[in-house]
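Trainee: First residue of the sequence shown: 0, per numbering that gives the first Met the number 0; consecutive thereafter.
Keeping only pairs whose Cα atoms sit at most 27 Å apart, straight-line, the calculated BS3-like set for lysine-lysine is: (1) Lys3 to Lys64; (2) Lys102 to Lys290; (3) Lys325 to Lys290.
Worth flagging that the hints you see were computed from the coordinates, not collected in a lab.
Small disclaimer: the values here were computed from a predicted structure and weren't measured.
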Amino acid sequence: MKEKRKLVLIGAGSVAFLETLIGDLIINPGEFSWEIALCDIAPEALEGARGLTERMVALAGADMKVTASTDRRQLLPGADYVVTTIAVGGRKARLLDCQIPRKYGIYQPVADTAMPGGVSRAMRMVPAMVEIANDVGDLCPDAHFFNYSNPMAILCRAVRKATGVPLTGLCHGVPETEEALAKYLGVEVERLHTRGAGLNHCTFLHDIRVDGKDVKLEIEARLRAIAGTPAWDDIENHPYQSPVCSQLFLETGCFAAPGDRHVVEFFPERTPHGAWNGGTLGVDRFPLEEKLEGQDKRYQRTLRRARGEEEMDVNYFAGRDGETEKLVSMIHALEHDGRGVYWANVPNQGSVPNLPDHFLLELPCVATASGFVPIQQLDFPDAAAGLTAKNHSYVDISVDAALRQNRDAMIYAIWMGGYLPDIDACARLTDELLATHGIAL
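Turn these sequences into a full structure, and let the hints steer you where they fit.
Mentor: Below you can see the structure in the form of structure tokens.
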């Protein structure tokens, strides 16, 4: 008889993660018989998630049990793995986090990690995540606890600080950047390996190798050949179509993952008034409204598939590349002490000596039977460490603001980002964000 394992997915209605995560687990269940326990506070989203998962399991003939509830405390007992993919306020709230700062001349392409949108999102997300973590600590303290939600560094740091529950963050940003760099160099991604550190969505890759050979000089030569020429303004000439990250590489010797769409939010001085590649960030360059509209369409497709209104034929699982967060692969490594290397968001704890121990960093980690062990990086460049320390300052203040639900600290977190030099304007923006989202402090 197969050993049983239970995975609880909180925020199961997420269109970004459900299908790929469950698909990976169906394809590669290991030697286990799985229970997939789905939780979402929105009944329609939960029923959609449950219906889709049940259809996927039936289509594959998988040895899996599917359960669901709007009450996570019903599902958490006995969990071996807990994954959060929540988004308090949903896509509507994220859009407001992007649109309101535009009134103040602040343009964000993502608005879920840094800048005022990231701080605003933290004020909603942190209390919810702390409540979930307390339930995990109470009902399944030995479970591996993973988070996919943003703002990643703030959430993971806040949960560990407030509860002591060891939450680990996962993101596809670095693996996708490695794929883009491999394409830029014309090699298979399996031949390329990197090391680095930083905040999620601004991770500095300082060691880039193909077949063990350092290729940074090759990347630098290719970039310097077009620097200062009209070709520089053609984003196709840059790794990951990211001129800001390419410029940072020339300045620091590090390529910032996961590319300009996220990284520019940490360096607003490089895109004044949102100017990027002949357009405006979040408006006609990486337009957020368009992206959220696409997510709405994916959500409606999920509901159609869940109801059987859209066919899922036998080729549904064919040719899948797998979930880029690589959680299922990590699970097998944790179960068997596989010692594979994966990118994860964990406390520094001395792994990068020129950064404080408490910093919540995105790092390459070894997956062992006792958990994730960060790879020590004694050679992390001081320039990248300084930029990471600057960026982490807003993380610490945002964590404090969100845990205490404190207006003044939220104002300070926005002011520290340098988006508005006038702290009174930061206060007005803060009050408008709080009022719009119905947060009374």
